[in-house]
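**Student:** As a plain string of letters, each chain reads:
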Amino acid sequence: MLDVYVWFYTGAFLVIFGSIGTAIGPGVKDPLIRTINTEIPAIGVSLIFLTYNHTIALLTFIAATTIISMILLRAIVRLEEMGAEL
Amino acid sequence: MSASVLVPSVVSPVVVSLYLPAVFTAILAALIGLLAISNQKNDLHTLILTDIVGVGMLILVAAVGTDLAESLILPGLVVELAEIMAISEILMSREMRKLGKTVELIPLPLNMNMEIMDTAPTFIAILLIAYGAFLTGFTGGAVAGGGILFYVLSKMTRGVPTNTWEGIAGASGIAWCLWLVGFLIFFIAPNYWLLALFLGAFGVFIKVTFKVGLVGVMGREEFKREKE
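From first to last, the protein sequence lines stand for chains P and S.
Here this note's numbering is used: position 30 in the first sequence is 30, and no number is missing along the way.
Here this note's numbering is used: position 181 in the second sequence is 181, and no number is missing along the way.
If you are wondering where the hints come from, they were derived from the structure by calculation, not from laboratory data.
Hints should not be assumed to be uniformly reliable.
To spell it out: a stretch of chain S is covered by chain P in this simulated footprint if at least three of its residues, at any positions, have a beta carbon under 8 Å from a beta carbon of chain P; those stretches are [said to hold, decoys possible]:
(1) 13-25
(2) 167-179
Listed below are several chain S residues computed to face chain P (Cβ distance under 8 Å; list not exhaustive) [claimed, not checked]:
(3) Val7
(4) Val10
(5) Ala36
(6) Leu44
(7) Asp51
(8) Ile52
(9) Val79
(10) Ser88
(11) Ile90
(12) Thr139
(13) Ala142
The list that follows gives simulated cross-link-like pairs (lysine-lysine, DSSO-like), each with its CA atoms no further than 30 Å apart [said to hold, decoys possible]:
(14) S:Lys98 to S:Lys41
(15) P:Lys29 to S:Lys211
(16) S:Lys101 to P:Lys29
(17) P:Lys29 to S:Lys98
(18) S:Lys41 to S:Lys101
Built from N, CA and C at the ideal position, the CB exists for glycine as well.
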């Protein structure tokens, strides 16, 4: 089996580079692309939780991050329908 | 690094060796998020970037690596969810007032008239409720409640009568009392810990299930009112 550290450092890499991608990545002027970029650090955090055996936290985090992206997408769609500048 | 001063012997050496990298990852991610927020003028972008800072702080809590970390992450997640929901609502109502325009509650075609919305929900709802009952506790309640929510939202037939609605609310309250009684038994009569455990697990399961189901019932009545 692979080492525990592999999962942890993959998670850390995904979190840091996903954060950079969300902050200054290509095309992030569009809020939709920024929201989708947020999923990359979320996967990284899931891997870190997996390393620490935080099962319940991992399950709840998956549910919570799905609901958060649904809320954000709904906000974006509603604001675009209103014609607000994004 | 020699962190042997404060670390109890029960903490595994893997967790101890991962502590510093985890803290550095968390602080770096949070700093990136905060720097991006400080350059941002649009409120919606700020809200999305708050998610990154939240992720960093979750790692900071998880780095403790014990059951304490797990029990602290759960309320953190719920608080983050509630906060993002509330701020997005405020943002939208402010924009609505500024522009003087209103948009429907959920901008999706909700009257989906498909064959599968008629036949599948019963089976999927039964499956989710059975799986939730098997899990018990808070997660099981959320799963089973999701089943009820799915059933209610996809079957847009006649509304549930008010009596049923109030009955469900009452059952939810009684289940919560079961949870409290189970908690009390742990301290008064520790010999009956198994009884207390099951009272607590099923009490919170029924409560969370009915609460999530009620959200569906309320939301459905909201949709019907808007359509008419």
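**Student:** Now tell me if each hint is right for this structure.
**Tutor:** Structure-based check of each hint:
{"no.": "1", "hint": "13-25", "in the structure": "holds (count 6)"}
{"no.": "2", "hint": "167-179", "in the structure": "violated (count 0)"}
{"no.": "3", "hint": "Val7", "in the structure": "15 Å, violated"}
{"no.": "4", "hint": "Val10", "in the structure": "14 Å, violated"}
{"no.": "5", "hint": "Ala36", "in the structure": "4 Å, holds"}
{"no.": "6", "hint": "Leu44", "in the structure": "5 Å, holds"}
{"no.": "7", "hint": "Asp51", "in the structure": "5 Å, holds"}
{"no.": "8", "hint": "Ile52", "in the structure": "5 Å, holds"}
{"no.": "9", "hint": "Val79", "in the structure": "10 Å, violated"}
{"no.": "10", "hint": "Ser88", "in the structure": "4 Å, holds"}
{"no.": "11", "hint": "Ile90", "in the structure": "10 Å, violated"}
{"no.": "12", "hint": "Thr139", "in the structure": "6 Å, holds"}
{"no.": "13", "hint": "Ala142", "in the structure": "7 Å, holds"}
{"no.": "14", "hint": "S:Lys98 to S:Lys41", "in the structure": "17 Å, holds"}
{"no.": "15", "hint": "P:Lys29 to S:Lys211", "in the structure": "38 Å, violated"}
{"no.": "16", "hint": "S:Lys101 to P:Lys29", "in the structure": "24 Å, holds"}
{"no.": "17", "hint": "P:Lys29 to S:Lys98", "in the structure": "22 Å, holds"}
{"no.": "18", "hint": "S:Lys41 to S:Lys101", "in the structure": "23 Å, holds"}
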